[in-house]
Amino acid sequence: MLQINKVNKIFNEGTPDEKMALSNIQLQLKKGDFVTIIGSNGAGKSTLMNIVSGKIFPDTGNVQIAGIDTTTMPEHKRAHYIGRVFQDPMAGTAPNMTIEENLAIAYNRTKTRTLRLGTSKKRRDFLCDQLATLHLGLENRLQAKVGLLSGGERQALSLLMATFTEPKILLLDEHTAALDPSRAELVTQLTKEIVEMHNLTTLMVTHNMQQALNLGNRLIMMDKGQIIFESDETEKQNLTVEKLMTEFQRIRGTQFMSDRALLA
Amino acid sequence: MPEAIFGAIEAGMIYAIMALGVYLSFRILDFPDLTVDGSFVTGAATAAILIVNGYHPLIATLAAVAAGFIAGAITGLLHTKGGINPLLAGILMMIALYSINLRIMGKPNLPLLREETVITGINNIWESIGLNGLFGSILNAIGLGDVLPSTWGVLIVMLIVTLCIKFLLDIFLRTEIGLALRATGDNEGMVHSFAANTKNMKVLGLAISNALVALSGALIAQYNGFSDAGMGIGMIVIGLASVIIGEAIFGHKTIVRATLAVIGGAIIYRIIIALAMRVPFLETGDMKLITALIVIIALILPRFINKLQEKQRKRKRLAELQAGNGGENFASN
Ligand SMILES: Nc1ncnc2c1ncn2[C@@H]1O[C@H](COP(=O)(O)OP(=O)(O)O)[C@@H](O)[C@H]1O
Ligand SMILES: [Mg+2]
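Protein sequences, first through last, are from chains A and B.
My numbering applies: residue 1 is where the first sequence begins, and numbers increase by one.
My numbering applies: residue 1 is where the second sequence begins, and numbers increase by one.
Simulated from the structure, these hints should not be mistaken for laboratory data.
It should be emphasised that the depicted structure is a prediction, and the values quoted were computed from it without experimental measurement.
Please note that a few of the clues may not be correct.
What the hints assert, rightly or not - Cut-off 20 Å, straight-line C-alpha distance, at most; resulting in silico cross-link-like pairs (SDA-like, lysine to any residue): (1) B/K107 with B/I49; (2) A/K111 with B/K81; (3) A/K145 with B/E247; (4) B/K199 with A/P74; (5) B/K199 with A/L115; (6) A/K31 with A/D59; (7) A/K6 with A/N62; (8) A/K121 with A/A132; (9) A/K111 with B/N197; (10) B/K199 with A/N108; (11) A/K55 with B/E247; (12) B/K253 with A/Q143; (13) B/K199 with B/N85; (14) B/K81 with B/I49; (15) A/K111 with B/L50; (16) A/K224 with A/D59; (17) A/K77 with B/K81; (18) B/K81 with A/T72; (19) A/K55 with B/K288; (20) A/K19 with A/K145; (21) B/K81 with A/K243; (22) A/K55 with B/K253; (23) A/K77 with B/K199; (24) B/K253 with A/L142; (25) A/K77 with B/E188; (26) B/K107 with B/L50; (27) B/K288 with B/A229; (28) A/K111 with A/N62.
Okay, chain B solo, but in the shape it has when bound (with noise of 0.2 Å):
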């Protein structure tokens, strides 16, 4: 149990980048790009592909983001440029995607069971300056040493990996460009009336959002062992989940806020799921239903819990009316 709540929280770093881009197209841009689930699968295929070729796995990481990033910026082409709507830009952009994984890995199925990569990286050099030692020498006093996976390298190098990419996109949305961005995303006229670009604004947008959404993918394939065509299917809804899963936990008052939030929403996520996967009715090809299911209740929940709230105002008042002091309180308002 602590093994898969474990593997829960590592895979669930690695997918926080790719819950970051969603947050930028989705929320920062607000334009629901569907892109995702192809972005993620170029990125799996580009790294592996250069991976068992014989490539570093670092160069081939980065062709990954190179490649999402073309991705994103022709959907945002499609959109500013061929006046295709935003949902349907993405959705084109997703389905000649799967074409072109399939040409890039040049079948279904990509296995990088012995081949050198990112992953297998950290764990070499984890090994040897031998940090595992010592982390479990503290798990043990504490008692935990035994139910506890004996390396740690990827857990920490993805938690700092992802928290530099927070950083880096916490930043970038305070520049002069990002602040452009971000208002395109709230009130484009007003972008226009300010002489910004709001097409190359959106283009630029999608692209470091699927570039991410890559890199996810490209570091999600070294992790598994394996890139596959199928493996982004109902990408963009993780994502989403992920998004708003975070938000409601932690809030998004603010940007940094909100990207701390997304990475806490996505490592949730699939700690869910590793929890719903030892239900004994369960199958791992009823993932996706739960997932649109916690989409379906995040976004219900709110209004519900709304309504609830101002039926009790609206009680609580009539109450008080009954009770004779509430006369006062009108008269006040």
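The following block holds chain A by itself, in its conformation from the complex (with noise of 0.2 Å):
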């Protein structure tokens, strides 16, 4: 379903900034597969989602979704494919447009928008029932600005925008990340119970190492802009954090020093 090949990405190349941010990156995913990403600041995994989605190209090397070679389409065309959720909870919506118009500019996400009305009768049941299955009770707001929401809602919000068209890759970079604890508990149990409904093919960064463990059917562990430890369906079931630091530490032959990512 999402094929990286060879990919490479220096940025500032020939100043003094030089960074080389991704190296030689290859990862496929097959339909349904859920990829969980852990790896210290700075170690690509923004990079390496941006470069799916589109918002910066690579350097080298390309990208196909769904068989198509999308590696120098643009952003917005990309997004036909593409569900995304970033870590900032304002990031995703539109804070002064209402839930349902937020909504329903989601679910043109993979049509040509016409001038037809975005927020007809039959849409709103729709839409309705699709805001019923964050058991949120925003389904009784649809008139509200999205600005008025909490943190949490947003971004549960945002989930169901980028899930319930149902695209052929879904981009998470720690989505989770900018909530308290328990806001942050609801918005991975939701998408746990949505990526399996809709057997979405998925990429998640996290910090959180035990959740990174919890979720998804494999594991890659990224570090100075490569891929250096993955774990398939089988070896994860046996993974524990222990296990990942210890690995971490072989590999690198230092501590896994993130501080985010010990605290987790």
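Make one complex out of these two single chains by using the hints.
Written out as structure tokens, the structure is:
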């Protein structure tokens, strides 16, 4: 479903700030694969997500989604295949528009926009049903401006908006990191349910090792722009946080020093 | 005096179309588009030259709308494809349009005195169905007959036209494209992730905005009986004043409410100017200064009021605390 071939990305090439953000990345996801990604700060996790979404383009290598070469396809076109949730709860929704209007915009992700009303009666019923699956009571607040929602509610809404149109690829970049623990737990639970329900092919970055172990069927660890560790479905079931830490130490010869990773 | 106010309402109704355009760029797209000063005149010039050359005034007016649409689209392209900052893109277009407008008219001022225009057309039709008599007698009955003007045609037709445009704009902003356009001004990154091209949205929004501005310019030229190369100076600030005054007085919770507020704001702005003109020591040339002052006050006042309210809240809280019943309040918070 997703194929990333020999992708390299260097920022600020030829300047003193030159930074090898991704180095020879090779990754394949089958339909329904749910891969969690961990790694220290600056490892290149977000850069990898941005390469897939088309926000940035690789220097070399290529990206294929559902058999289509999307390497040079602009972000808004590629979005036909991709659902995204960002770390910042403010990033995925339009604050001055209503919940219903936001959902209507998401509804059009896979379609060409026309001069039809975005929020017809029939569509409203459909969107309402979708909202009800979140169990947050948002279906009773269709006309509320999204800016009035709490961070957790906004992130749950973002997750719904990214997924109810069943994207070929779902990209989640630390989408629970900005929430307090109970809200993060809620959004994590929703993520699990939604991905399972639609059988979505998913890439999820998290700084929470336990979360990375609990969710998904595969796990990869990144450091300094490289994938340094991969575990497949069977290996992953026997992984623990301790084993991951030891693994990192063995490969890199240093302590896994990210304080955020240790906190997890 | 009532005569002047009546004229202000009439003109305000026409300027309201321009203000709706400014609302679209400034508020919906969050794009401070200065093209307006030029495109207003482009509308006036295009309509005027076509009318002088014998074209039907309605066709001339439609051509003006098209000219404004193109001007706005070019500003949008300068910004999105050319990567020029929004303010500068608008200023460049405004300056370029100044020359283009002179070329369109062939001279700095084009009178439409004895020409058949949309406005004379309205008056003629109005005359022929004899509605003035009806309105006149109603007003006579309530004792206002001799202080108000003899024709209501322009006011009522313009009211209908402006409300129709408002209505169409409201609907457009609820269509699939309209929603994407609004989101572009609200959260551009989000719009990308839902597969809409924000560059196209900006070009489209600016084109529609300037089409409305040009329509307003074309109608004002026909209303005033001339087109003038300088008639657009400060138009963007007038539009902004209308938007801000309208929002402050009538509120802007929903789009439907906000667009109505903008029309109200445009009319109130005209009334303020009409009243200011009657202050003995003020001259016509002072009106731009007054417009700027209105906008400055409207921008500063809300912040000032907020601060004042906050101070009052704090003082009240302090008083409660000193009165001895504040402790529980704090605890419960
Ligand atoms: N747009 C950019 N310009 C320059 N450097 C960047 C840019 N984006 C990321 N980087 C650098 O690339 C490296 C990887 O960043 P990122 O992918 O955001 O890491 P993370 O794994 O924490 O998400 C970092 O050193 C970062 O500073
Ligand atoms: Mg990151």
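Taken at face value, is the distance from the CA of A/L115 to the CA of B/K199 at most 20 Å? The given pair, whose Cα atoms are some 18 Å apart, holds under the 20 Å limit.
Measure nothing beyond the straight line between the CA atoms of A/K111 and B/N197; if it is 20 Å or shorter, mark the hint as holding. holds, 13 Å
Keeping to a limit of 20 Å between CA atoms, is the pair of A/K31 and A/D59 held or broken? violated, 27 Å
Do the alpha carbons of B/K253 and A/Q143 lie within 20 Å of each other, as the hint requires? Distance ~11 Å between B/K253 and A/Q143 Cα, so the pair holds.
Does B/E247 sit within 20 Å of A/K145, going by the straight-line distance between their CA atoms? Within the cut-off at roughly 18 Å; holds.
Are the Cα atoms of B/K199 and A/P74 separated by 20 Å or less? holds, 12 Å
Please verify whether A/K19 and A/K145 have alpha carbons no more than 20 Å apart. violated, 41 Å
Compare the distance between the alpha carbons of A/K111 and A/N62 with 20 Å, and conclude whether the hinted pair is satisfied. Violated. A/K111 to A/N62 sits at ~25 Å, over the 20 Å cutoff.
Would you check the hint for B/K81 and A/K243, treating anything up to 20 Å between C-alpha atoms as holding? It is violated: about 51 Å lies between the C-alpha atoms, which goes past 20 Å.
Given hint B/L50 paired with A/K111 - CA-CA distance at most 20 Å: At roughly 42 Å apart (the allowed maximum being 20 Å), B/L50 and A/K111 break the hint.
With a cut-off of 20 Å on the C-alpha distance, tell me whether A/K77 and B/K199 pass. Since the Cα atoms of A/K77 and B/K199 sit roughly 13 Å apart, the hinted pair holds (cutoff 20 Å).
Compare the distance between the alpha carbons of A/K55 and B/K253 with 20 Å, and conclude whether the hinted pair is satisfied. Not OK: A/K55 and B/K253 at ~34 Å, beyond 20 Å, violated.
Going through the hint list in order, the structure does not satisfy hints 2, 6, 11, 14, 15, 19, 20, 21, 22 and 28.
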